[in-house]
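Visitor: Chain order of the listed sequences is A and B. Okay, so the first sequence: first residue is 1 according to my numbering, each after it adds one. Okay, so the second sequence: first residue is 1001 according to my numbering, each after it adds one.
I should point out that these hints are in silico values taken from the structure, not numbers from a laboratory. Do not take every clue at face value.
Cut-off 30 angstroms, straight-line C-alpha distance, at most; resulting in silico cross-link-like pairs (DSS-like, lysine-lysine) [claimed, not checked]:
#1 K107/A - K3/A
#2 K49/A - K1065/B
#3 K1024/B - K1053/B
#4 K1053/B - K1065/B
#5 K1092/B - K1024/B
#6 K1020/B - K49/A
#7 K1056/B - K49/A
#8 K1047/B - K1020/B
#9 K1065/B - K59/A
#10 K1092/B - K1056/B
#11 K1053/B - K1020/B
#12 K1024/B - K1047/B
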Amino acid sequence: MAKLMVVFRTAPYGSIYAFEGLENVLIMGAYDQDVSVLFIDDGVLTIKKGMDNSGTGIKDFSPTFRALEAYDIENIYIDEASIESRGLTLEDFVIEPEVIEADQVEKMMEEQKNFFMF
Amino acid sequence: MLHLINESPFESMSLEDCLKYASKGASILLYEDGVYAAMPGSGVADKMRAVAKDYKVYVLSEDLKMRGVDNVMDGVTEIDYAGFVGLVEENKTASW
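Put together the whole structure using the sequences plus the hints.
Guide: Pasting the structure below:
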């Protein structure tokens, strides 16, 4: 099983990146790869609780992150400084990733066969 | 003048660029990813408090809701799409 990581670093609706990132996670999960997920910078906003898209015609894809466990994707990480600089805490998210520090990010990337930035 | 900001303050310089040129008392509307600037307690909150003293700062409520941002800092006024249209009718606009 190849070690693959998807890195979320953009906010959910200003561009299509975050949505595409989620699609990639699900596809790789379906192929039974060793997939991990990392939220850094504005990527942490992708899993913010309380999104209400009623009337906008735009899909709220944040609940799908709760399904990652069903795909056996259990290694989910979030950068502490990115949470703090946005005035958020772990309670603000729809899932509960493991909190890591910025100096662990590069090491984590190096451990992968490949990683993908969204 | 109405200045429009639609990019995240954590990733983009558009708010800083706007502030270099906007005269005091001008209106600034945060929409799309720009609404993240109105979150209380963030790394840009201190700066935004100062901005809110010198400018009329508005934030689009529909874009807040969509992003799950349910708290807005003091000094920033929530408006809806109708309010957005009203501001555009009354002002010349600059998109940053």
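Visitor: Work down the list of hints and note, for each, if the structure agrees.
Guide: Verification of the hints:
no. : hint              : result
1   : K107/A - K3/A     : 13 angstroms, holds
2   : K49/A - K1065/B   : 11 angstroms, holds
3   : K1024/B - K1053/B : 9 angstroms, holds
4   : K1053/B - K1065/B : 25 angstroms, holds
5   : K1092/B - K1024/B : 15 angstroms, holds
6   : K1020/B - K49/A   : 34 angstroms, violated
7   : K1056/B - K49/A   : 28 angstroms, holds
8   : K1047/B - K1020/B : 14 angstroms, holds
9   : K1065/B - K59/A   : 13 angstroms, holds
10  : K1092/B - K1056/B : 15 angstroms, holds
11  : K1053/B - K1020/B : 16 angstroms, holds
12  : K1024/B - K1047/B : 15 angstroms, holds
In terms of the numbered hints stated before, the structure departs from hint 6 and from no other.
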